Amino acid sequence: MKHPIELKINGDIYSLAVDPWRTLNEVLREDLHLTGTKLGCGSGDCGACTVLVDGRSVSSCLTLALEVQGKEIQTVEGLAPSGDTLHPIQEAFVEKGAIQCGFCTSGMEMSAAYLLSQNSSPTEQEIREGLSGHLCRCTGYIQIVDAISDAAQKMKQS
Amino acid sequence: MEQFSIVGKDVPRNDAVAKARGAAVYTDDMTLPGMLFGKILRSPVPHARIINIDTSKAKALPGVKSVITGKDIPKVKYGNWRLFADTQDEYALAMDKVRFIGDEVAAVAAVDKETAQEAVELIDVEYEELEGLYDVDATTKEGAPAIHDYCPGNVSVNRKIEYGDVEKGFGESDYIREDTFEVHAVSHAYLEPCSALAQLDLDGRITLWTSTQVPYIVQCLLASTLGMRENDVRVVKPFVGGGFGGKMELRTWEFCAAFMSKQTGRPVKFTLSREEEFLTGRRRHPMTLHSKVGFKKDGTLVAKDLRIVLDGGAYNAMGPTATFLCGNFGAMLYRYPNYRFHGQHAYTNKPPASAMRGFGAPQSLYASEIQMNMAAEALGIDPVEMRLKNAQVSGDKIPDVATISSCGFKESIEAVARMSDWKRRRKELKPGQGIGIGCYSFISGGVFNWFNTQYPFSAAEVRAFSDGTVHLLSMASDIGQGCDTAMKQMLAEELGLQMKDIRITTADTATTPQADLGAWGSRVTLMVGNAVLDAARKIKEQLFGALSARLNANVVYEMECKNGMVQPKGRPKKAIPFGDVVAMVQKSKRGEPLIAHGYYTPRDKGLVTPAFGFGAQIALVEVDRETGKVEVEQMWTAHDCGTVINPKGVEGQLAGSIQMGLGYALSEQFVMQDGKTLNTNFLDYKMPTAMDMPPSAVEHIDTYEPEGPLGAKECGEGLASPTAPAISDAVYHATGYRCKDLPITPEKILNSMEEGA
Amino acid sequence: MTLPKFEYFAPESLDEAQQLLLDQGVGAHLLAGGTDLLVKMNHGLLKPASVIALKHIKELEAITYDPKEGLKIGATALLADVAAHADIRKHYPAIAAGAHETANVQIRNMGTVAGNLCNAAPSADNAPTLLAMDAEVEIKSATGERRLPLDQFFKGPGQNALASGEILTAIHVPAPGSGEGVSYQHISARGKVDISAVCVGVMVHMAENGCDDVRIFLGAVAPVPMRAAKAEALVRGKQLTEETIEAAGIAAMEESQPITDVRSSADYRKKMVAVLTRRALAEARDRALKR
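Taken in sequence, the protein lines are chains A, B and C. The numbering used here applies: residue 38 is where the first sequence begins, and numbers increase by one. The numbering used here applies: residue 49 is where the second sequence begins, and numbers increase by one. The numbering used here applies: residue 126 is where the third sequence begins, and numbers increase by one.
Chain A on its own, in the form it takes in the complex:
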């Protein structure tokens, strides 16, 4: 039986009827076409599906949509302030070469946003720990770590 719910995503309210077994990942991608959030494994191991729920990073593939009713959900689509301005994290990812195939990128950025909300000047080691729930097969992580470190500095300055 479908449950009527309201989801607050990137500040917008969506009214939906959702089957209990559908995950937040499925609802974001299939019902709302917010496809910036990816699905890489379905087991919470790769991090490609990471979104923020009430400010905390979670795996959307292991979150039932019904469980996040009434919470603030933020996806990669909600990071940039406007169509022609990027979030400092996104900017740093672009500039530092942190993006190759891009499939892990949105999840990495969301975890970076969570990390920097908890710790505004993380050490390199803390950044690496902050990415412990992510896999990337292209970059070897080095330029991603670099980008997050750069974003942290920029965000502190502004």
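Some hints could be false.
Derived SDA-like pairs: lysine to any residue, alpha-carbon spacing no greater than 25 Å straight-line [to be verified]:
#1 A:39 - C:152
#2 B:796 - C:359
#3 A:108 - C:134
#4 C:395 - B:786
#5 B:57 - A:122
#6 B:677 - C:392
#7 B:161 - A:41
#8 A:45 - B:71
Derived by calculation from the structure, the hints in this document are not laboratory data. Remember, it's a predicted structure, so these values are computed and weren't measured experimentally.
We have chain A; now place chains B and C onto it with these hints.
Structure of chains B and C alone, referenced to chain A:
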């Protein structure tokens, strides 16, 4: 070094903003009106005859629109080696037999994922199980049952190379050693699971959006398996989340999506789960390598005899190429005056191995490099010195195979030894630490036309506009490696434009020029780059003609495109904006648009490749002598990729290679039991994370490849090879454990240390 | 990825949850963080008829610490919150470490310590330390409430002592006494982020004449986290010299009963039991002597 204005600069990727915003659309992100969801039924048994398939219950399930089995589809085999039809051994769905756990048996398309899943579970298949054969010894022994009827003995490919006189060489050697190495299968583990979406156009054409490295190959093979003409099939590559060789063939879900869209008149999408990827996905070839090498007392190489048996799994896939290449790589890096190779590709009842980053080199060079270190130790020569003594140099010929043009190998070895302070460190490490070296060479694309294409290997179209912009079209496939950006950089350089002046459309077989063989073998930069430059130069010819006419000068100047202008060389006062000159050309031709086509197919480049990349890598490790765990503390790399088009891109390729090499050496493997892959998730398939990555220093050796576009050659794939031997050698240095059967596990290290103690 | 179909309930009180559990019967499954449950469902290993979510019950969230009563970790307290909790980090550093070393950031933001225990994986990162510290679980049902020592809670891989209708509502850990030291050690096949191939939790109490109490628990080397009784006997009442500790490690190795699976061989696990037990004893001793 040549002076460039855009080439060699850290230009951000042209797709970076779209990817950073989550706006880049990958195949599974797409939804079309009326779209159906596909699901594949896979064999649960490793080897069996199919007695009967009952799809009636699945077909009766409400919401199910199509259920197909081998009986419903054209009986056409496919495989990438079209030149040799007998290597094509795969059907989209099993016809009479299944040959590995995960072999595709049937497919369902339904109105939603849940229904498709349910329907697949309702299909009853009756199997008559056959003996499963899981290793090459079992399949190649006398009297072993044939996995494919056409291939008794189960060896599907034989490849031999021989030059010099190997036996005479061994006779003249002072020191001979013979070793056997076992290297294992690993997964591409691209983050984007495979996905394909097909739609029937109203006039009968099929469009397939698919996560592929080879749109042209998929187009051709899909057409033949569907019984259609090539031009009736359009293949589009959307953004692709990594490939590494794992997405370079026509695959069942691509066929099924297309076939079922034709059958139902509705779009059909298939997306694999990670579990399916691990359970059934392609993988790097496991190999058994017997290598005998002979040296003079002073360390000079005299002869090598290399025999390799490849465990190909259930189908050939790209196995023939791997068999071909591992023999070629066995003759690379060092001067082997006498060389003999025999490679055999054998079937087993396991998921097929295929192309994977390095394509035969990581396996072959693991054996070469470890053996080099063992010989160096036995002869009392420093491994770095031993390499310098034997290193290939520019101009070296490998009979019947290739002539090495640009080569910065010696410089790479010297640089990496200097960067790592090799001489001191090799002697002065604390207990538990070790330092080791590994080297590589790799191809910049292949010369051998196994796909039997009638088209050029690469093509590009450049359209120039009077507003000062150009549009670049090419079938090249950016799968994350960044070739779209590199091509734009080369075009901008050649035409004196900025990145923002270039629009690009790629990898759509209906709109981009025929053809391109795809993204594999590190071929795109060199081959498509040359095609782009060819087109750009044709544009320039016309621009220069028009400018000459306009200037009406009594001296004929050399012309150039620079800073958005066209001008006589070094005479900016006479410059006219690029767009204005384009308009001049058009006006001289009744408005005809200014368009040029460029092509590249290697000529007279031997059997393998037009150009080789080279490099050397040193690893510093620390081993916990109680647990056997290896911590890689630092990597140093020096490599020769010719002109560096985009330094950040090249460094990203390098770091990614180290991640993959680290996994290959230390943590990644398929745990198999009776043909079944047991570790089918990222929890148990252990890919290195950000916390496992060592710091890394890199130096680019400055060379210029004459056959390469603006001097460039391969950079992303060769580096998949040196990391495992470098780490392995460092572990030996630290513990005395010499790994001849990858991966290096803590347990193997501990056992070896116990035996040694 | 497609989860099997089920009914969903989100009770807001414990009473309501207990009633639902009774009404729904054997097909019902409790949902805390979902990080184990959804993975199992996704892989078709579990097909519950109904799922009862616990995260909407406010009273289950709390983490409280009292110097006399000790620590109480509510059933839905997140691993991340346990790892970061100031009192836990101060008084129970090994518990904080166990929580912090469970899985990865996102999983710790969703998963719970209680869920990690109820899931009853032999490799559960949070079990050995809690067992070593003599923790108890608080179990409630519509008909009553009981406390069970944690070492009676695990019944087999994936099996726990909860009867039908029961909910694990909290974990109680005694207040650490002076002279007590606890350590958690684990090892896995990948570098840093991984499921443990072997894990060890140790608590020692150091008196003037040496170690007068010790509890050693081993994870991932038996169907349930197991107590290394023979190793304990070797150190109890002794000074914790390197020789004693070494002998205890070997005893623990000998009494462990690991299997070979995708994560490790039995042989390597045994060897690691010796190493980790030794390291845990040494660290616990050093911590005890500092208190």
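Inset, instruction - Given the hint that residue 108 (chain A) pairs with residue 134 (chain C), test it: the Cα-Cα distance must not exceed 25 Å. - result: holds, 17 Å
Legend entry - Restraint status (C-alpha distance of residue 395 (chain C) to residue 786 (chain B) at most 25 Å): Since the Cα atoms of residue 395 (chain C) and residue 786 (chain B) sit roughly 24 Å apart, the hinted pair holds (cutoff 25 Å).
Inset, instruction - Would you check the hint for residue 161 (chain B) and residue 41 (chain A), treating anything up to 25 Å between C-alpha atoms as holding? - result: holds, 21 Å
Legend entry - Restraint status (C-alpha distance of residue 677 (chain B) to residue 392 (chain C) at most 25 Å): holds, 15 Å
Legend entry - Restraint status (C-alpha distance of residue 39 (chain A) to residue 152 (chain C) at most 25 Å): holds, 19 Å
Legend entry - Agreement of residue 45 (chain A) and residue 71 (chain B) with the hint, judged by alpha carbon distance not exceeding 25 Å: holds, 20 Å
Inset, instruction - Below or equal to 25 Å on CA atoms is what counts here, so check residue 57 (chain B) against residue 122 (chain A). - result: Satisfied, since the Cα-Cα distance of roughly 24 Å is no more than 25 Å.
Legend entry - Restraint status (C-alpha distance of residue 796 (chain B) to residue 359 (chain C) at most 25 Å): violated, 30 Å
The structure fails hint 2 only (numbered hints given earlier).
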